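Could you put the whole structure together from the sequences, leaning on the hints where they help?
Protein chains in written order, with numbering that gives the first Met the number 0: chain A, 0 to 339; chain B, 0 to 404.
No lab work stands behind these hints, which were simulated from the structure alone. Don't take each hint at face value.
[As the list claims (entries may be wrong)] To give an idea of the chain B side of the interface with chain A (calculated C-beta under 7 angstroms), a few residues:
no. : residue
1   : K111
2   : P136
3   : N195
As the structure is a computational prediction, the values presented were derived from the model and not from experiment. Here a beta-carbon is modelled for each residue, glycine too, at the ideal position from N, C-alpha and C.
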Amino acid sequence: MRGGGWARSRILGLTLFAAAIFTFGLTVHSGYLLGMAVLIALHALVALGLGLLMGWAGQISLGHAGFYGLGAYASAILTTRFGLNPWLALVLGAVGTGLIAFAVGKPTLRLRGHYLAMGTLGLGLIIWTVFNQAATWTEGPSGIRDIPVLSLGGLALDNDQRFYWLIWPVVLVAVMLAGNLINSRMGRALRALGENEGAAAAAGVDVARAKLGVFTLSAVLASIAGSFYAHYVTFVNPSPFGFALSIQLMTMVVVGGEMTVWGPLVGAGVLTVLHQVLAISAQRIPAMEGLEVVAYGAVLVIFLLFRPQGLVAPLRRRGAPPRAAEPPAPRADEVVGEAS
Amino acid sequence: MFQARHLTVAVLLLAAAVVLVLGGCPKPTPPPPPPVGPALGPTAQAPSGEPIKIGAILSLSGPGAPLGTPERDTLTMLEKSINDAGGVNGRPLKVIVADDQTDENQALAAAKRFVESDKVVACIGPSTSPTTLTIMPVFKKAEIPLISCAAAVKITQPVEKYVFSTAQPDVIAVAKLMDYLKAKGFKKLAVVADSNAFGQSGVEALEEQAPKNGMQIVRKESFGSKDTSMTTQLTKIKGAGADAIVCWGTNPGPAIVAKNARELKITTPLFMSHGVSNAKFVELAGPAADGVIFPSGRILVADQLTDTDKQRSVLLEYTKAFQAANEGKTPDHFGGHAWDAMHMIVAALRSAGPDPKALAAALEQTRDFVGVGGIFNLSPTDHNGLTKDAFVLVTVKEGKWEIVK
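Shown next, in the form of structure tokens:
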């Protein structure tokens, strides 16, 4: 139970998750479904970091689409203009994005309240404007085409199946690391912080430093996901990285549940699948036409009304009275597997 | 127990979602039932056999909806009329429409669905440039032709074997305008452009073509797509000593420019782009629209064309059919892009059959195709095939369009 240790439920969770990844990858051959799984994975990576920030550090970021975009553009520009190795570009993008997040988080996270939300809202808009206006570098609103695909040991990851086998293990590793973080000293500090910031500070937790660490980490994760997006789609333009995506990512975290590492994953899966289901039904059922956005909103409202803590809630919070009828964690993994 | 019930609801919803999606993936289906024969046209042989599937990824919601909606209406109308007339090579045509919500990820998913599960032989759309550029690699890889209804230069330059476009590119609109400006002896231009993709691409073309035509750009200003006043930009332009102002943008910006120019008593002639070639512009600008000159596709002024104009009969045919099928709505350029794409595909299907590779090769051979957007002459190095003759210059006179002679 104590920090650092690998609780049995965690090992079980990760094993089931890995099994779900393998089963899906081995049995599904449709590029459409695999492509959707890739999209879910990309969003899940960003949502995972955002979940750490929201659930554990109690902070909201309205600029994560910007960090996602920074990674995508860094990869696009560095590989198409400077011929850099895509993997090197991914690392450079992540480092650069981390530095930017650090610079913005440093002053804003010292203050109490939702200053980070405001700071990141501004930052997201600035990044988006730069994508549109700095045409010399970003080619403006028309975007950058012909971005090279990633390759791994001489194998070009140029189709959905190959990319699936890269991205989902990456998500698995990220989930594992996030779990480690939560169970580390830093995680305990964050947990204390989420419960009561004043008490945590009094107990010797460097509140600002812990928050800054999580924020930077989540930005780096978003940037890595963005780099993968660029090499997967092989085209980037500003519009996917606008404010709407930041909101969508936050919704994923809220719907999935922010208090476990699985929540954001489930949220990304459920929302992406839901979007597709509605799009397909609008295409096939004439009466649904034009109503998919309404239906999407309605389903979200239902989710939040009946399950405000998110689809995946933690087994039991330490110190909290045991709650009956919570979903056991492994069930959540199966949901992830199916949803992807 | 309360919690458990809600979890059940959530899981059920999710399960329903999964089932629906999986239901949408390919499975060995029995051959479809023979299509119902058309009620009309006793002379036409009813098409039979498996339908030839053509995908259409269009923006029916989101910011691109004004483009995608007439495109969809046009395709639906054509699907019916082609099938009523016996289909293509005796087989019925089936147009499958997907709404991309003007969203790149949705367009990407739709593209994969069409390529993988629906197995379309060709795809029309998307309506906008960013969505087109996002899904191009999917069709390139699947070796299925994609005919976009969007105009960005990057769609057709550099040429992709399987990607085509029926929209008139900005460069030829600028070229058409340049001819006029040169003939009238204008030397110094002031440019005011929308900061969106359309405006910026126009500026690039203007900057490239002005010096070649002996003109100089003395002032360059831009405005945001949602700005409500352009007086600052116009005041700067007023003092710049330009003898012509060129405004490049899509509604509502250019209408505000026209209004503000009038308020500031600017008498320098005002020129605009094909982005204002629609009723909305006249509606927004009111009397300030009078005297503005812009390049436009011929559909706007179809009734004013002379009998010698090669496109006249096609334009009138399209207008008549569209109005009959859509309760008298006036057709526009966007629907025209879809009309042209569909006719090119049908012609290619008739000559090459429904194999996507052969279809792409046949599309590339399209010559002298008289369409709504212009006369198309495609080649392996030109997948758009239009020249500046696709445009005429149009001016507004008392709220009505008039061809500039």
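Against the structure, the hints come out as follows:
1. K111: Hint holds; B/K111 Cβ to chain A Cβ min 4 angstroms, cut 7 angstroms.
2. P136: holds, 5 angstroms
3. N195: holds, 6 angstroms
Consistency with the previously given hints is maintained throughout, with no hint failing.
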